[in-house]
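J.: Use the sequences and the hints to build the structure in full.
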Amino acid sequence: MEIRLKNLTKCFPGNPKKGIPDTYAVNALDITIPDGKLVGLLGPSGCGKSTTLYMVAGLLEPSEGEIWFGDEDVTDLEPEKRGIGLVFQNYALYPHMTVYKNVAFPLTNLRIEEAVKDKDGNQVMDETGKPYIKKRKLTKDEIDKIVRETAKIVQIEQYLERKPNQLSGGQQQRVAIARALVKKPRVLLLDEPLSNLDARLRLQTREEIRRIQQSTGITTIFVTHDQEEAMSISDEIVVMKLGVEQQRGVPQEVYNNPVNKFVANFLGTPPINLFKGRVENNKLYIGNEVVREITEKDVPDQECTVGIRPEGIVVDPNGSFTFECERILTMGRDIMLVAEHPEATTNTKFIVDAFVEVSTGTVKCAVKPHKCFAFSLEGDELRII
Amino acid sequence: MAAVASKKGGFLDFFKNLFKRKERVSADAGERNNWKAWLYLAPVIILLAVFTFYPLINTIVIAFLKDYDYTTQVSAGFTFDNFLTVLTLAGKDEAQNLVYKWNTFYSAEAGGYVYQNGAELMKVYFQTDVLKYALPNTMVITFVTVPLSIIIALLISVCLHSIKAFQKIFQTIFFVPYVTNAVAVGMVFAVLFDSKGILNFLFGLGTEFYWIDHAASWGHGMIALCIYIVWHALPYKILIFLSALQNIDKQYYDAAKIDCAGKFKTFMNVTVPMLSPQILYIMITSFIGSFKEYTSVVGLFGSPSTDGGSTKNMYTIVYYVYDCLSGTTTVSRGAAAAVMLFIIIMIFTAIQFQVSKRRVHY
Amino acid sequence: MEYDSRNFIQKLFKMKSREQKQAEREATAEYQSIDTSSMTLVIKEGRANAAQLARAQKIGRIITSVITYSFLLFMSVIILFPFYWMIITSLKNTTEIRANVQTFFPATVLWSNYITVFNTFDFVTYVGNTLIVGVISTIGTLITTILAAFAFARLNFKGKDLIFAILLATMMIPGEMMVITNYITVAKLPWYEFGVGMINGWLGYKDAVFASMIVPFWVSVFYIYLLRQNFKQIPNELYLAAKVDGKSDWQFLWHVMVPLAMPTLISIFILKLMGSWNSYVWPQLVTAGNESWRLVTNGLRSSFSTTSGEPQYGIQMAATILVTVPLLLLFIFFRKYIMKGVGRAGIKG
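Respectively, the protein sequence lines represent chains L, B and X.
So for the first sequence, this note's numbering puts the first residue at 52; every next one is plus one.
So for the second sequence, this note's numbering puts the first residue at 8; every next one is plus one.
So for the third sequence, this note's numbering puts the first residue at 14; every next one is plus one.
What the hints contain is simulated information worked out from the structure, not anything from laboratory work.
From a predicted model like this one, the values you see are computed outputs, not experimental measurements.
Glycine included, every Cβ here is placed at the ideal spot set by N, Cα and C.
Don't take every hint at face value.
Here are the in silico distance ranges between beta carbons for each label pair [claimed, not checked]:
#, chain 1, residue 1, chain 2, residue 2, range
1, B, Thr95, X, Leu144, 43 to 49 Å
2, B, Leu162, X, Leu144, 35 to 41 Å
3, X, Lys349, B, Gln103, 57 to 63 Å
4, B, Leu162, L, Tyr183, 40 to 46 Å
5, B, Phe274, X, Ala36, 33 to 39 Å
6, L, Gln255, X, Ala182, 47 to 53 Å
7, L, Asp277, X, Ala178, 47 to 53 Å
8, X, Phe235, B, Gln123, 53 to 59 Å
9, X, Phe235, L, Ser96, 40 to 46 Å
10, L, Gly121, X, Ile47, 26 to 32 Å
11, X, Thr81, B, Leu96, 51 to 57 Å
12, X, Thr49, L, Leu428, 57 to 63 Å
13, X, Arg31, L, Gly121, 37 to 43 Å
Calculated cross-link-like contacts (lysine-lysine; reagent style DSSO-like; alpha-carbon spacing at most 30 Å) [claimed, not checked]:
#, chain 1, residue 1, chain 2, residue 2
14, L, Lys185, X, Lys71
15, L, Lys132, B, Lys270
16, B, Lys272, L, Lys214
17, X, Lys71, L, Lys132
18, L, Lys235, L, Lys188
19, X, Lys34, L, Lys235
20, L, Lys69, B, Lys175
21, X, Lys201, B, Lys299
22, B, Lys272, L, Lys186
23, B, Lys171, X, Lys353
24, X, Lys71, B, Lys175
25, B, Lys272, X, Lys349
26, X, Lys24, L, Lys191
27, B, Lys257, X, Lys245
28, L, Lys191, B, Lys299
29, B, Lys257, X, Lys349
30, L, Lys188, B, Lys257
31, X, Lys349, L, Lys68
32, L, Lys188, X, Lys34
33, L, Lys69, B, Lys171
34, L, Lys196, B, Lys264
35, L, Lys214, X, Lys34
36, B, Lys270, L, Lys191
37, B, Lys272, L, Lys235
38, L, Lys132, B, Lys264
39, B, Lys364, L, Lys152
40, X, Lys349, L, Lys69
T.: Written out as structure tokens, the structure reads:
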């Protein structure tokens, strides 16, 4: 099921008397989420990603805009009529029901369509020649079978008789996914599903989510503030800031070609290093050093911000950049240098291989040109090169 | 947050955990504070000892004393007669001698129970007020008003919780009966239920339809009484349920919506289980409260009957107990009735705790 | 040995374990013939068109809110009607009250009922008595409650939990169990002898009667519980900090905890005062000797309950209003405290 958000806006009205302005949690969002894909909505807290998700779920009413599932406008539909599964941030498992009942609960509310058959097992046709279809509640056996099959997918068969508070965070999370999946939703929505888990479990569970999504093929939207999490499992990511979409695309593509300073800064740990710089004669400068020549297009001379990814700086005795290295952080596989540069807006952090010998003090470095970006100082700080 | 409901610390939990919990010995070991703590508790303990614990034991003792006179505090020893009298298993003849029921037989001639006293048959009079009126009335009041008021209160609080506009105003209105005087408002209801009152007028029942006076039938009196009790019992329940509802995490309702549960199903599967600690609390307190119903009868009828006092058809157990205090030698019968009431309450509370073990989710 | 999930009773009656039942269920042909993959779960009931469905939802929502508001409105009328009727009845003359056709507003507004009430019903004396009894017993209760709640919330001593449990258990004992003996107790205490008065008494007869309406109510387990919960919420760090500053428990209680728990204390104060105003049974018993020592409620019932011939409803209702209005005023001014105080009790179950 393809999901299209058209000009989706959520505005929380302010109070003009008290001088509180209207707040736009989501502002004119246009996104198309392709069928069967896992899409991560990504942004810092307060960027409207959860609001978007809740609007897709139907728990919040959009102030403007439309939500389409395939060729159907579901904007005004109640959540129960949308055919969605939602995993809440803190799972919202019913504490008084066993895991089995939690998972079976949606099924007890649904009905199935079934072609009516006569005694010989042939389909009964109505006057127009179509198969006669009857709706009925699911039987206990059917519910049981579906619950157990779903439990198998998320691997919680052995906990079915327990209460949620007897389960660990990861197990609860899988129960919540099972509850969302059990009614075969058209769309699966996950609201910060990993934020309540510890680091190790988080890694394991995100693989799990990926596996479940791929095995079921359900279009999935996934909200997170953790860029690493989003990048590692999403087919596509949408980066949001203050209710406005910044960039959308395949994770690696977004990382390699951020459209503006915000996206460049938000993606990647440690974050991108920012320097004051300028463009002169189609050359990018930091201080008096040339970072790279601009060959692809003509850029007018201007002041700008230069961003260099941590992996874009390499220690090189012949390099033209001089950093004052303050600390060396050993990370095992690599080491990270925390250094100062007169033009840098904050500490500069860069990552070098562990076998490179460095010491605190002056370090000469070179820069990988394709890891460098320049951003305008004006407006949305769009990328110049 | 729903967590409030699940946190240990409610006084129902307290009993459950009392014998389980190993008190952690904290750093500033308690021993040092020991005697000081008793000093802080002294006023309460002394007052409770004099006005609660001693009376409790003493009342039980009195219930078993024969011919106890509380002005002289003299009795003729241990006996079960008080209980037997209350239960109409013992009566008195015209000479005020106590006669057990099993020593009597029914005589149609005398129009009652008689016993062989020497050569002549003596008629025996039983005190039937408790078995005939007080106990059945108390049971009817309890089993009608408690479920009724809980259901209505639940309905109102759910409705109140679901609205946004005027919620505060409605909430205040529904709380007003709580701050009124049971006797005073009982008198107001007496005016409403008067045969020439507004209710008969509104429902076109004429001016000869009696609810509370002119020897109105037992049923009519009970209906009026139950309506009044429910009216007076609603506010507290609504307040408790509403504040509990406001503490339920809204996410469970969102989850129920996502799970396609309808309104009724959500109510039964989310709201009621989440409210179950409060429902249990309200059940236990209002069961105890309605077993002790008294002031509402005083307010509505002024006497324990619909005809000014002769039949006592509106008696409750507690009314009987208080009536017993007016005579110097009837006190021990009152004590016996109070002990029986106590036992009934204990049994009911125990049953509710037992039943709730499975149904209540903390 | 296989794991057996059955409990004792299930084993006794040779009932099947959950696993066995499940296995049997799964073995049936019907169960196996269920094909979950081909099932079509219905998302939308009945209508094909999302726009139609949306409109139906909107109408449904309007109907729901109409029903909700009508129900609430209806119930509020029921709740408020007795008050309305009390007021207008107090302004009617007896003929109008007893008329065959009831009026919803008095034909002539009559204030004389109130004058009659002040002449027959010694309202001022009763209110005075009630205030004396109410205020003194409330202050006493507050003191004992604060001390006990502090001990239960902050201090450690042997048998703390047991004593607290016993205290809570007393709440389940019907007060009638105590009334009988307490009646004898206050009568037997040296301060007065039944109705005779002044025999070996420390106090005068009247003072003794008042004392017996006050002293037994200087302790309330329920409020101790309420305040203890409140005290427990005050962070332990404050207590430890006070200890470091060299404050004694006593100073900490009165300088830190009591001010912090002020809202609860105000709630208790008001609720207790209202309790005194409404108390009926006990004052009725102990003031049997002299009508002028009674409290408001007793005065109300006894002044107007003996009805020979046509009841004087107008005057009764005027008196009832006089008793009810102070409570309503208290409620209007302290609504928050009253509702919070009452509501807090149930939350923790």
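J.: If a hint holds in the structure, say so; if it does not, say that too.
T.: Status of each hint after checking the structure:
1. B:Thr95 with X:Leu144: 43 to 49 Å: holds (45 Å)
2. B:Leu162 with X:Leu144: 35 to 41 Å: holds (39 Å)
3. X:Lys349 with B:Gln103: 57 to 63 Å: Since the Cβ atoms of Lys349 (chain X) and Gln103 (chain B) sit about 59 Å apart, the hinted range of 57 to 63 Å holds.
4. B:Leu162 with L:Tyr183: 40 to 46 Å: Hint holds: Cβ distance 41 Å, inside 40 to 46 Å.
5. B:Phe274 with X:Ala36: 33 to 39 Å: holds (36 Å)
6. L:Gln255 with X:Ala182: 47 to 53 Å: holds (50 Å)
7. L:Asp277 with X:Ala178: 47 to 53 Å: holds (48 Å)
8. X:Phe235 with B:Gln123: 53 to 59 Å: At 55 Å between Cβs, range holds.
9. X:Phe235 with L:Ser96: 40 to 46 Å: Holds, since Phe235 (chain X) and Ser96 (chain L) (Cβ atoms, about 44 Å apart) stay within the stated range.
10. L:Gly121 with X:Ile47: 26 to 32 Å: holds (28 Å)
11. X:Thr81 with B:Leu96: 51 to 57 Å: holds (54 Å)
12. X:Thr49 with L:Leu428: 57 to 63 Å: holds (59 Å)
13. X:Arg31 with L:Gly121: 37 to 43 Å: Hint holds: Cβ distance 42 Å, inside 37 to 43 Å.
14. L:Lys185 with X:Lys71: holds (27 Å)
15. L:Lys132 with B:Lys270: Distance ~14 Å between Lys132 (chain L) and Lys270 (chain B) Cα, so the pair holds.
16. B:Lys272 with L:Lys214: Holds - the C-alpha atoms of Lys214 (chain L) and Lys272 (chain B) are around 20 Å apart, at most 30 Å.
17. X:Lys71 with L:Lys132: holds (13 Å)
18. L:Lys235 with L:Lys188: holds (16 Å)
19. X:Lys34 with L:Lys235: holds (27 Å)
20. L:Lys69 with B:Lys175: holds (22 Å)
21. X:Lys201 with B:Lys299: holds (26 Å)
22. B:Lys272 with L:Lys186: holds (19 Å)
23. B:Lys171 with X:Lys353: holds (20 Å)
24. X:Lys71 with B:Lys175: holds (25 Å)
25. B:Lys272 with X:Lys349: The given pair, whose Cα atoms are some 34 Å apart, is violated under the 30 Å limit.
26. X:Lys24 with L:Lys191: holds (26 Å)
27. B:Lys257 with X:Lys245: Roughly 27 Å between the alpha carbons, so the hint for Lys257 (chain B) and Lys245 (chain X) holds.
28. L:Lys191 with B:Lys299: Cα-Cα ~47 Å, so violated.
29. B:Lys257 with X:Lys349: holds (24 Å)
30. L:Lys188 with B:Lys257: holds (28 Å)
31. X:Lys349 with L:Lys68: With Cα atoms ~27 Å apart, Lys349 (chain X) and Lys68 (chain L) stay inside 30 Å; holds.
32. L:Lys188 with X:Lys34: With Cα atoms ~23 Å apart, Lys188 (chain L) and Lys34 (chain X) stay inside 30 Å; holds.
33. L:Lys69 with B:Lys171: Distance ~21 Å between Lys69 (chain L) and Lys171 (chain B) Cα, so the pair holds.
34. L:Lys196 with B:Lys264: holds (23 Å)
35. L:Lys214 with X:Lys34: Measuring from Cα to Cα gives roughly 21 Å; hence the hint holds.
36. B:Lys270 with L:Lys191: holds (22 Å)
37. B:Lys272 with L:Lys235: Holds. Lys272 (chain B) to Lys235 (chain L) sits at ~21 Å (cutoff 30 Å).
38. L:Lys132 with B:Lys264: holds (9 Å)
39. B:Lys364 with L:Lys152: With a Cα-Cα distance of about 19 Å, the restraint between Lys364 (chain B) and Lys152 (chain L) holds, given a limit of 30 Å.
40. X:Lys349 with L:Lys69: Holds: Lys349 (chain X) and Lys69 (chain L) sit about 25 Å apart, inside 30 Å.
The structure fails hints 25, 28 (numbered hints given earlier, in ascending order).
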